[in-house]
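Trainee: These are the residues of each chain, in order.
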Amino acid sequence: MKARWLPHPALTLLLTLIWLLLNNTLSFAHLVLGLFLGWAIPLLVRGFLIEVPRVRKPLKLCLFMLKVFYDIVVANVHVAKLVLGPKSRLQPAFIVVPMEIENEFVLATLTSIVSLTPGTVSAGLSADHKLLILHALDAPDADEVAAGVKRNYEAPLLEIFECSRT
Amino acid sequence: MPFWIELLVSVFLVLGSVFALIGAIGLYRLPDFYTRLHGPTKATTLGVGGIVIASMIFFSSRNDGLSLHELLITLFLFITAPVSAHMLAKAAMQQKLPTVEQTHGKPWD
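Each protein sequence line maps, in turn, to chains G and F.
If you're matching positions, the first sequence starts at 2 in our numbering and goes up one per residue.
If you're matching positions, the second sequence starts at 488 in our numbering and goes up one per residue.
Treat the hints with care, as some may be off.
[What the hints assert, rightly or not] Sample of chain G residues at the chain F side, in silico, Cβ under 10 Å:
| id | residue |
| --- | --- |
| 1 | THR17 |
| 2 | ASN24 |
| 3 | ILE51 |
| 4 | VAL74 |
| 5 | VAL80 |
| 6 | LYS88 |
| 7 | LEU117 |
| 8 | HIS130 |
| 9 | ALA140 |
| 10 | ASN153 |
| 11 | ALA156 |
| 12 | LEU159 |
[Said to hold, decoys possible] Derived lysine-lysine pairs resembling DSS-like cross-links, with alpha carbons at most 25 Å apart:
| id | chain 1 | residue 1 | chain 2 | residue 2 |
| --- | --- | --- | --- | --- |
| 13 | G | LYS68 | G | LYS151 |
| 14 | F | LYS577 | G | LYS151 |
| 15 | G | LYS58 | G | LYS151 |
| 16 | F | LYS577 | G | LYS88 |
| 17 | F | LYS577 | G | LYS131 |
| 18 | G | LYS151 | G | LYS131 |
| 19 | G | LYS151 | G | LYS61 |
| 20 | G | LYS68 | G | LYS58 |
| 21 | G | LYS88 | F | LYS583 |
| 22 | G | LYS82 | G | LYS68 |
| 23 | F | LYS577 | G | LYS61 |
[Claimed, not checked] A few chain F positions that, by computed beta-carbon distances, are all more than 12 Å from chain G:
| id | residue |
| --- | --- |
| 24 | MET488 |
| 25 | TRP491 |
| 26 | ILE492 |
| 27 | LEU494 |
| 28 | LEU508 |
| 29 | ALA572 |
| 30 | MET580 |
None of these hints come from the bench; they were simulated from the model.
Using N, Cα and C, we set each Cβ at its ideal position, and we do this for glycine too.
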């Protein structure tokens with residue numbers, strides 16, 4: 002059973018870390034203040050927090066984050082080339098990707114990653130959360146982009162987080 | 488400040504500025520609303536990233552201790568940029584804004 006006076010220990014740590022970074026210090030006073038804020042804020046807003054699924058594979062999560070950072074850098078260079086290249090050669094497309102993820106938090110993570118990485122922006126989600134609509138800047142082959150999103154981001158997320166596969 | 492730190496800071500500053508500029512050019516040049524969304528959401532993340540890294544190196548080398556609070560800028564940017572892009576694209580699709588003719592697949596048809 003989760004303790005009532007400490008509903009989200011991980012969030013408490015995260016908020017403390019953010020507080021210390023904001024103040025750019027490691028002094029004891031700020032550590033205490035940060036811990037207090039990290040304890041009080043989740044308690045005050047607990048009614049609004051969505052359930053975050055447990056991380057099953059922390060090491061895999063770290064590797065996945067590094068890969069996403071790498072992809073973001075590649076995305077920037079790729080988009081830069083497209084932006085400066087000839088306009089008529091662009092082949093934008095709306096792509097519908099069927100989603101296997103059910104959990105709201107993981108779905109939000111996936112859509113954010115998709116928006117930050119190569120040539121795609123998430124543009125919509127069907128009401129039943131089964132279809133994700135992407136807009137791709139340059140997609141000669143729509144199926145390949147959809148398959149890439151599923152393979153590179155959806156599959157690892159399903160593996161890392163403890164959530165049901167439909 | 489040693490020369491090589493100055494060099495490193497300048498390299499990251501120029502890199503960041505170039506990507507921010509490319510994002511702005513994309514916003515101006517690309518043909519329709521949806522493609523224009525791509526410029527600001529991507530090119531600027533690396534643009535801001537470069538400038539933030541330059542700032543971290545500069546202030547860490549100048550006075551006492553590490554300067555890491557710039558990391559928060561990156562964190563908040565990575566959380567907010569995709570959400571705002573998603574909302575803009577969703578609103579545009581609701582309004583059925585025109586697309587360039589070579590666009591494949593229109594979800595509202």
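Trainee: For every hint, state whether the structure bears it out.
Mentor: Each hint tested on the structure:
Because the closest C-beta pair between THR17/G and chain F is about 13 Å apart, greater than 10 Å, the hint is violated. Given the 10 Å rule on beta carbons, the hint for ASN24/G holds: about 8 Å separates it from the nearest Cβ of chain F. With 10 Å as the threshold, the beta carbon of ILE51/G stays out of range of chain F, its nearest partner Cβ sitting at about 14 Å, so the hint is violated. Taken as an interface hint, VAL74/G checks out: its beta carbon lies about 6 Å from the nearest beta carbon of chain F, inside 10 Å.
Interface restraint check for VAL80/G: the shortest CB-CB distance to chain F comes to about 5 Å, inside 10 Å, so the restraint holds. Interface hint at LYS88/G: satisfied, since its Cβ lies 6 Å from the closest Cβ of chain F, which is below the 10 Å cut-off. Satisfaction of the interface hint for LEU117/G is found here, the shortest Cβ-Cβ separation to chain F being roughly 6 Å, below the 10 Å cut-off. For the restraint placing HIS130/G at the interface with chain F, the shortest Cβ-Cβ distance is roughly 14 Å, beyond the 10 Å limit, so the hint is violated.
A distance limit of 10 Å between C-beta atoms decides the matter here; for ALA140/G the minimum to chain F is near 7 Å, and the interface restraint holds. Checking ASN153/G against chain F by beta carbon gives a least distance of about 16 Å; that is not within 10 Å, so the hint is violated. Hint on ALA156/G is violated. Least Cβ distance to chain F is approximately 20 Å, over the 10 Å limit. Annotation: LEU159/G was flagged as interfacial toward chain F, and the flag is violated, the nearest CB pair being 20 Å apart, outside 10 Å.
Between LYS68/G and LYS151/G the CA atoms are separated by roughly 15 Å; this keeps the pair inside 25 Å, and the hint holds. With a C-alpha separation of about 21 Å, the suggested pair LYS577/F and LYS151/G falls inside the 25 Å cut-off, and the hint holds. With a CA separation close to 19 Å, the supplied pair LYS58/G and LYS151/G stays within the 25 Å bound. At roughly 24 Å between alpha-carbon atoms, LYS577/F and LYS88/G fall within 25 Å of each other, so this suggested pair holds.
Between LYS577/F and LYS131/G the alpha-carbon distance is near 16 Å, which keeps this suggested pair within the 25 Å criterion. At roughly 13 Å between alpha-carbon atoms, LYS151/G and LYS131/G fall within 25 Å of each other, so this suggested pair holds. A threshold of 25 Å between alpha carbons decides the hint, and for LYS151/G with LYS61/G the separation of about 17 Å falls inside it, so the pair holds. A hinted pair counts as satisfied when its Cα atoms are at most 25 Å apart, and LYS68/G with LYS58/G qualifies at roughly 15 Å.
Of the pairs offered as hints, the one joining LYS88/G and LYS583/F holds, with about 22 Å between alpha carbons and a cut-off of 25 Å not exceeded. Restraint check for LYS82/G and LYS68/G: satisfied, since their Cα atoms lie roughly 21 Å apart, inside the 25 Å limit. Between LYS577/F and LYS61/G the CA atoms are separated by roughly 32 Å; this puts the pair beyond 25 Å, and the hint is violated. Every C-beta of chain G lies more than 12 Å from that of MET488/F, the closest at about 20 Å, which supports listing it as non-interface.
Even its closest Cβ contact with chain G, about 23 Å, leaves TRP491/F beyond 12 Å, as expected for a residue assigned away from the interface. At roughly 19 Å from the closest C-beta of chain G, the C-beta of ILE492/F stays outside 12 Å, upholding its exclusion from the interface. Consistency note on LEU494/F: stated as away from chain G, and its beta-carbon is indeed over 12 Å from all of that chain's, at 21 Å minimum. For LEU508/F, the shortest C-beta to C-beta distance to chain G comes to about 10 Å, within the 12 Å cut-off, and the non-interface label is violated.
Here ALA572/F does not stay apart from chain G, with its beta-carbon only about 5 Å from theirs, under the 12 Å limit. Separation of MET580/F from chain G is inadequate, the least Cβ-Cβ distance of about 6 Å not exceeding the 12 Å criterion.
Of the hints listed earlier, those the structure fails to meet are numbers 1, 3, 8, 10, 11, 12, 23, 28, 29, 30, in rising order.
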